[in-house]
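J.: Full structure from sequences and hints, please.
Sequence lines, in order, name chains A and B.
Everything in the first sequence is counted per the numbering used here, starting at 5 for the first residue and increasing by one.
Everything in the second sequence is counted per the numbering used here, starting at 198 for the first residue and increasing by one.
Since the hints were made in silico from the structure, they are not lab data.
Note that the structure is predicted; figures quoted are calculated from it, not measured.
Keep in mind that a hint or two might mislead.
What the hints assert, rightly or not - Some chain B residues flagged as far from chain A (calculated, every beta-carbon gap over 12 Å): (1) Phe292; (2) Val321; (3) Glu406.
Unchecked claim - In silico EDC-like pairs for lysine to aspartate or glutamate, Cα to Cα no more than 16 Å straight-line: (4) B:Lys474 - A:Asp15; (5) A:Lys100 - B:Glu431; (6) B:Lys374 - A:Glu81.
From the three backbone atoms N, C-alpha and C, an ideal C-beta is built for every residue, glycine too.
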Amino acid sequence: MSAEAAVRVEDKLYLNRYLVDAGRAHIKVRPHTTPSPQLLSLLNVCPAHCYEMNSTGQVEIATDGCVECGTCRIIAEPSGDIEWNYPRGGYGVLFKFG
Amino acid sequence: MIEERFDAIVVGAGMAGNAAALTLARKGLKVLQLERGEYSGSKNVQGAILYSDMLEKLVPDFREDAPLERHLVEQRFWMMDDNSHTGLHYRSDEFNEERPNRYTIIRAQFDKWFSKKVQEAGAVVLCETTVLELLQDAYGKVIGVRTDRKNGQVGADVVVLAEGVSGLLGTRAGLRKTPDKSNVALAVKEMHFLPQETLEARFNLRGDEGAVIEAVGTISQGMTGMGFIYTNKESISLGIGCLVADFEKTGQTPYGLLEKFKQHPSVAALIAGSEVKEYAAHLIPEGGFKAIPQLFGDGWVVVGDAAQLNNAIHREGSNLAMTSGRIAAEAIFQIKSRRDPMTKENLALYKKMLDESFVMKDLKKYRDMPDLLHIQAQNFFLTYPQLVSKAMTNFLRVDGTPKREKEKSTFRSFLAARSLTGLVGDAFRLARAWR
Numbered sequence: 005m006s007a008e009a010a011v012r013v014e015d016k017l018y019l020n021r022y023l024v025d026a027g028r029a030h031i032k033v034r035p036h037t038t039p040s041p042q043l044l045s046l047l048n049v050c051p052a053h054c055y056e057m058n059s060t061g062q063v064e065i066a067t068d069g070c071v072e073c074g075t076c077r078i079i080a081e082p083s084g085d086i087e088w089n090y091p092r093g094g095y096g097v098l099f100k101f102g
Numbered sequence: 198m199i200e201e202r203f204d205a206i207v208v209g210a211g212m213a214g215n216a217a218a219l220t221l222a223r224k225g226l227k228v229l230q231l232e233r234g235e236y237s238g239s240k241n242v243q244g245a246i247l248y249s250d251m252l253e254k255l256v257p258d259f260r261e262d263a264p265l266e267r268h269l270v271e272q273r274f275w276m277m278d279d280n281s282h283t284g285l286h287y288r289s290d291e292f293n294e295e296r297p298n299r300y301t302i303i304r305a306q307f308d309k310w311f312s313k314k315v316q317e318a319g320a321v322v323l324c325e326t327t328v329l330e331l332l333q334d335a336y337g338k339v340i341g342v343r344t345d346r347k348n349g350q351v352g353a354d355v356v357v358l359a360e361g362v363s364g365l366l367g368t369r370a371g372l373r374k375t376p377d378k379s380n381v382a383l384a385v386k387e388m389h390f391l392p393q394e395t396l397e398a399r400f401n402l403r404g405d406e407g408a409v410i411e412a413v414g415t416i417s418q419g420m421t422g423m424g425f426i427y428t429n430k431e432s433i434s435l436g437i438g439c440l441v442a443d444f445e446k447t448g449q450t451p452y453g454l455l456e457k458f459k460q461h462p463s464v465a466a467l468i469a470g471s472e473v474k475e476y477a478a479h480l481i482p483e484g485g486f487k488a489i490p491q492l493f494g495d496g497w498v499v500v501g502d503a504a505q506l507n508n509a510i511h512r513e514g515s516n517l518a519m520t521s522g523r524i525a526a527e528a529i530f531q532i533k534s535r536r537d538p539m540t541k542e543n544l545a546l547y548k549k550m551l552d553e554s555f556v557m558k559d560l561k562k563y564r565d566m567p568d569l570l571h572i573q574a575q576n577f578f579l580t581y582p583q584l585v586s587k588a589m590t591n592f593l594r595v596d597g598t599p600k601r602e603k604e605k606s607t608f609r610s611f612l613a614a615r616s617l618t619g620l621v622g623d624a625f626r627l628a629r630a631w632r
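T.: Written as structure tokens, this is what we have:
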């Protein structure tokens, strides 16, 4: 993905309200050395661009901007690549309009 | 948390959950509704169009105090290529009626109103509470839920799963499978604010009149998808959605598609100068009739998006959600009034009643459309829009070429792209799936 597109989605997320549950990520990526095709696809498919490749080639997640759509669950939970839960009650994205 | 037992627990406070909780509470059942958002609506995303008929069955006088945006008088379908669109518009003054048929709404606000009705009917509504799992007895019968509150177990005779499209609880308990990526679409949406008079001038609207644009074509880059523009009172809901499997295959980004849609010359002028106030994303069930899972079992029923009840052709989701929630509640009430237990056998009544409603009849009618559109995506969402655009420009542009030659060239472009067998086949397949 181009750096330009990444910047744009962050600008979009900045408009949203969140109550971040610090230290309790509701989605976890299973530790891996080489990411599966499903995990790699999340780098582009996630509408909040929560998934990023680190410098050693693993896919990591930062859930702070997650809009809780569930797309990554549909793609990568069946293969066991991620563990997916809803945030604790009251936390996460708080839509003003929805 | 709550020591007492309930007749029914409703998980989720979207359209289906609110319809179910409202109906159950009005019938005098002891209802607990659990919602993970800070209020009903704070996690819910929709375009959104509300159909009056299905809401009237729940709240007949909803027009008196529901937060409605605009009643729709105009529908535009656009077939787009990169620089143009070919449109079909339908506008009728007859939609300016005393009890309009369709409205645009803003879900976070609408759901708050809907939830108030649920509370007034006597249901206990507990927000900021995430349900972690279904409680099942040794025989697999659902007997309650475990929430993330302290001592968060609650028991009930029946659990209504209105948990939304992804359906975490039901799938985790093995009641149904997680929706397949080729049967759900991911839609992203922005809220664009404009001064009311600017919006009304751009869309040719007076008073509370509203317009809807739904668009297919090169905007989805060959994926099965659709763009939409809905007019609210002083904002525009603008978004685009495509099948998750297509996103995965193509590597397109949802926000990249959204930006391109916004930059399209036919769209850019409509939103010029707007202030964007929110960016949301949501999944939409697209599998239709064939993707509907088991809808009931011992101690549970599933309603709304969680049951994949969405008519993708008519873009009706929330009214199927409201109707399935209401019907499930009515079935539960009937069983309860006979003092029968909430067994799978008895709860089959919900499915029977749903089969007799428009919900299942409509979904059955279009049961072959998802396959057709999902498999033929390239043709229906890329090739044909480009061909139609070429035909239109050929028809309209005057450049000294004799008309007969222009027509021939148009016809040749269709043949070259799809061949005669392809064209006839597509028409036949479409007709067969539609009938």
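J.: Each hint should be assessed against the structure and marked as holding or not.
T.: Results for each hint:
no. : hint                : verdict
1   : Phe292              : holds, 24 Å
2   : Val321              : holds, 15 Å
3   : Glu406              : holds, 21 Å
4   : B:Lys474 - A:Asp15  : holds, 11 Å
5   : A:Lys100 - B:Glu431 : holds, 15 Å
6   : B:Lys374 - A:Glu81  : holds, 12 Å
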